[in-house]
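So the protein lines, in turn, are chains L and S. Per our numbering, the first sequence starts with residue 1, numbered consecutively. Per our numbering, the second sequence starts with residue 104, numbered consecutively.
Hint data in this document are derived by calculation from the structure and do not stem from the laboratory. Careful: at least some of the hints might be erroneous.
DEER-style ranges, computed between Cβ atoms [claimed, not checked]:
(1) S:Gly-251 / L:Cys-43: 42 to 50 Å
(2) S:Thr-210 / L:His-81: 40 to 48 Å
(3) S:Asp-176 / L:Tyr-91: 39 to 47 Å
Glycine included, C-beta positions come from ideal geometry on N, C-alpha and C.
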Amino acid sequence: MARQAVAMSSTNYDYLDGNAAAGELSKVFAVDITTAEGRCGECGTTKCLAEAHLYMHGPGLVARCPACEHVLLRLVNVREHMFLDFRGMTYLRLDTSRSEEAS
Amino acid sequence: MWRVGTVVALHDETPTARTITLQVADWPSHVAGQHVDVRLTASDGYSAVRSYSIASAPNSEGRVELTVERLPDGEVSPYLTQELAVGDRVELRGPIGGWFVWRSQQTEPIQLIAGGSGIVPLMAMVRSRASARSTVPFRLLYSVREPGAVFYRDELQAISSRGGSVTLTYAYTRATPKDWPRLPGRIDASLIAETNWSSKLIPTCYVCGPTSFVESTAALLVTCGNRPDKIRTERFGPTGGRNEFH
Chain L
1 MARQAVAMSS
11 TNYDYLDGNA
21 AAGELSKVFA
31 VDITTAEGRC
41 GECGTTKCLA
51 EAHLYMHGPG
61 LVARCPACEH
71 VLLRLVNVRE
81 HMFLDFRGMT
91 YLRLDTSRSE
101 EAS
Chain S
104 MWRVGTVVAL
114 HDETPTARTI
124 TLQVADWPSH
134 VAGQHVDVRL
144 TASDGYSAVR
154 SYSIASAPNS
164 EGRVELTVER
174 LPDGEVSPYL
184 TQELAVGDRV
194 ELRGPIGGWF
204 VWRSQQTEPI
214 QLIAGGSGIV
224 PLMAMVRSRA
234 SARSTVPFRL
244 LYSVREPGAV
254 FYRDELQAIS
264 SRGGSVTLTY
274 AYTRATPKDW
284 PRLPGRIDAS
294 LIAETNWSSK
304 LIPTCYVCGP
314 TSFVESTAAL
324 LVTCGNRPDK
334 IRTERFGPTG
344 GRNEFH
């Protein structure tokens, strides 16, 4: 039901799914972390990162909680460096059994 | 890691959408529903990256098909749909994404709902079902502007008329074929109730299309009794293709 609440409160649909960040994250992670379950540090909602709302039109990527829009993840590339900020989540639970499928 | 794909075939799906078949060396195969990032680099070093869903079924021959819709103001899609020729090369990263996927080991009924070019990853699932000889029942609800905008028309017709268990329903939003029983319009609760699996069967639902389409459809599925955790979504950007951030 959280999804509905967000849908009704959003005025413009300018986000994609966390899914769409998988290519960029595959540059540095050995497993596909978009299938990892993360717990929102604000409201406690626990969902796959692929289900987050992903905003891609700034200088980097911002993933927000689909329930409360709290920032879960920020990613910015500056020349040869990637800055990652995961502090919006209290944890990420990764399935390591499928690591061979990661690109 | 970027790989080089060589264009081996081009096929126009509609006046504005083209399927590009690439042969990719060392392609690790993919799972239906995954996407690739495509990188084009100009002679001055400027490069642009876009994400496109894979349309083809997983295969071991290193063949990857993408269907690209031309966006009027696009930077990459006009090149891919109008200028790219057989023999040309593009760079690919992927396959990407392990969430919006259908694996042939799945046994539950599957509900696919496409909005416009959102049909592409769902077509990969339909093709994957066939190539894996899966007998899992699929239902596809395909929302499209008008009959001329349908992708993969003949193949979908053939698959759904085979008497097997892939059921296809079109929902036209602007213009219908002659004598079509339903007025043009968006997918609503009654159409979902009429054409989708009963939520009692606990189908897994895959919804792909523009963000507004996905939002409204996912909400309708929940209203119709589907479990939110059985609904997987893939949104395209407001312009119909995934944005770049490079």
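Each hint tested on the structure:
1. S:Gly-251 / L:Cys-43: 42 to 50 Å: Holds - the Cβ-Cβ distance for Gly-251 of chain S and Cys-43 of chain L, about 45 Å, lies within 42 to 50 Å.
2. S:Thr-210 / L:His-81: 40 to 48 Å: Distance hint for Thr-210 of chain S, His-81 of chain L holds at roughly 45 Å.
3. S:Asp-176 / L:Tyr-91: 39 to 47 Å: Since the Cβ atoms of Asp-176 of chain S and Tyr-91 of chain L sit about 41 Å apart, the hinted range of 39 to 47 Å holds.
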